[in-house]
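For the protein sequence lines, the chains are G and E, in the order given. This note's numbering numbers the first residue of the first sequence as 1 and each following residue consecutively. This note's numbering numbers the first residue of the second sequence as 437 and each following residue consecutively.
It is worth saying that the hints were derived from the structure and are not from the lab. Where is the CB? At the ideal position from N, CA and C, for every residue including glycine. Treat the hints with care, as some may be off.
Claimed, not checked - One side of the interface only, derived from the structure: several residues of chain E facing chain G at Cβ under 7 Å:
1) L536
2) E556
3) G558
4) A559
5) H561
6) G579
7) P644
8) A645
9) S649
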Amino acid sequence: MIPLRKRAAFVIRGGRVIDPANNIDSTTDVYVQRGKIVGMGTAPDDFTADHEIDAQGRIVCPGLVDLSARLREPGNEHKATIESETRAAAAGGITTLCCPPDTNPIIDTPAVVELIRHRSEQAGFARVVTLGALTKELLGERLTEAAALKQAGCVGLSNALLPLSNTQVQRRAYEYAATFDITVFIHAEDFWLANGGCAHEGAISTRMGLPAIPAAAETAAVARDLALIEQTGVRAHFCRLTTARAVQMVARAQYDGLPVTADVATPYLYLTDVDLVGFNAQCHVQPPLRGQHDREALRAGLARGTLSALCSDHQPHEADAKLAPFISTAPGISGVDTLLSLGLRLIDENLLTLPEVIARLSHGPARILGLDQQGIGTLSIGKPADIVVFDPNQPWRVNTSTLNSAGHNTPFMNWELKGQVTHTLLGGKLVFQREG
Amino acid sequence: MNHAELQMDAQGRLRHFLTIEGLSRQLVTDILDTAESFSGVTEQTVKKVPLLRGKTIVNLFFEASTRTRTTFELAAKRLSADVLNMNIGASSATKGETLLDTLRNLEAMHVDMFVVRHAESGAAHFIAQHVAPHVSVINGGDGRHAHPTQAMLDMFTIRRVKGPDFGRLRIAIVGDLLHSRVARSQIHALNILNAGEVRVVAPRTLIPADAASLGVHVYNNFEEGIRDVDVIMMLRLQRERMQGALLPSEHEYFRLFGLTEKRLALAKPDVTVMHPGPINRGVEMDSQVADGPHSVILAQVTHGIAVRMAVMSMAMGQKAQSGEGNA
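Only chain G is shown next, with the shape it has when bound in the complex (with noise of 0.2 Å):
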């Protein structure tokens, strides 16, 4: 075995090498030397390596960047830690974590942003990158310091799953972000409409008698941001669209030429609203998993790129908060374990070819976070060596022993998924490799 976490040189051999940020899809061997991509096809001058990895019949890939993940620290360590959920990111491949401000304390300062980077960069398992507050303890009133959090790192801005209190708020909010070229990350989702629903609004939830939230509440929000982004310019973008309707307004607003992007998140590809039969906790995500042609509206804006990353949505819980009524349930679902396993599923369902399956899952979000100027996202010779080998067809079951995050909370369990890492690099430093 390789020693983990120790800084050295690789040679990564014989691997099927896709990056699609630089548009390679070929079998061919990558240099790492001093944490940093050296070479591609043949040794740089003077390359020794220190060490091996034989990818023959395996994927070499850029790490992937999840969009949103919550790591529950500060404030939830009882659920899990930056540690745990970075390790079990590193063996499912993801090198860089976006984590949302809504934390406890809540990223309304650069303390709570400096306190982030020094634990993960303590674990030293993955990048972990925040969003900073969009108003003060996302309270939907007071704007935050944007420009300091910025400054302590911040990669962009938000209310997370929290309404502002209006209209006006929204505008000044966008202006000021705006101001300092920040993009923002919006929730769409108008909070009277959804009116503390569970589920989504239609025969589910009509039969199943749970609180709804219609579909509106997510399109109303959706066309009332558009008309602010318009308004204040502000680069904005859409996290975890649910509906057809309104994959197909950023369509539209993309096309118009309005900065803006979008994602989803794995459950939404895979589950409806008709997975709740039997009040089932683990489907009970927010916002709601809605109906069958919603979900193939979902499927064919990521084929076409109107939503350029597939994230997890990670939201590990300790067994308890999912044992009460549906309602009573915390909502959300772990999702580092399977993001790459269910995103390579779409490639099964002939929905993404592999390559763009690894662009959703990588140079995609990157994009979105800004992070591929400095190489984040792709295999640039001269930028840092964050890497994931995998064997794309290993099987593999879902279930408590082979998920690696702290929260066991996913409605996949026990789903016979194929795609298993077998190494991943973080800066140039393994800090992942599957025993035998």
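Mind docking chain E on chain G? Use the hints.
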């Protein structure tokens, strides 16, 4: 786990009674027949049978109720069970005890059956999934989801009045469908019993999304909705609905959707009027209708005891008949 897997045993007998959705017509009919046999018991001077002697039944009520709890209590006592009433309300929740902890504590007292009422849809399912294997759960109403014993006593009442052939009946359910667990269970029961036509009647704010998918015809006009129907099942309208921008006023609701003697004339001459109680006189219906010759509202209450005896004894199943104890 779907409803059928959860509430039935391998032989297709009731283990729990959580929802009417997915039950076979045979089983629904069996429940009604069993209730019929118990209704004799409830009319005798000595109103007891020894079927559940030595069994402990806990009425676990997380939401206030007088009528439902009382009839469950009477039903249990007439089956000779020991009954414990737990009105938990919000108290345990405010002490921070989880529902599962409350349950485990009661289970430790060797309870054989829980009758559960809870404000959240799916609560009875959740409890049934987590009780010890020998414990049965009867849903006494969960959120907006189901109130299966209420619907069964309604079916029992309709069968008594109109006879066993539901196929020739046209039935209108009127009122706050959106929030009603009673209506959802009634609709399932009527469709399982092959009712000729089931209508739901309310303004659009009180009709849930895609209601037609439940197997009903939706009417927004009261006069049209009750025209030529054999049975009118009124629902309770909670006063707090006026605050939620669902309705402008009780006055306008009664003017448009209140059941008056004049409107009753639009239905069949022998129409039967039902209400799960408690009635808001002058909001849902006139007193003349509530107390009039078409009303079977008090009979519904009486039938509730026999129906609950039937469901409890059937859910205890083999254990009840063989007299086996688990304590």
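Here's how the hints hold up against the structure:
1. The beta carbon of E/L536 is positioned within 7 Å of a beta carbon in chain G (closest approach about 5 Å), and the interface hint is therefore held.
2. Checking E/E556 against chain G by beta carbon gives a least distance of about 4 Å; that is within 7 Å, so the hint holds.
3. Proximity of E/G558 to chain G holds as hinted, the smallest CB-CB distance being about 4 Å (cut-off 7 Å).
4. The beta carbon of E/A559 comes within 4 Å of a beta carbon in chain G, closer than 7 Å, and the hint placing it at the interface holds.
5. Taking 7 Å as the C-beta cut-off, the interface hint given for E/H561 holds, the closest approach to chain G being about 5 Å.
6. Here the hint on E/G579 is kept, as its CB sits about 5 Å from the closest CB of chain G, short of 7 Å.
7. Because the closest C-beta pair between E/P644 and chain G is about 4 Å apart, less than 7 Å, the hint holds.
8. Residue-level restraint check for E/A645 holds (minimum Cβ-Cβ distance to chain G is 5 Å; threshold 7 Å).
9. Because the beta carbon of E/S649 sits about 4 Å from the nearest beta carbon in chain G, less than 7 Å, this interface hint is met.
Hint check: no violations occur; every hint is consistent with the structure.
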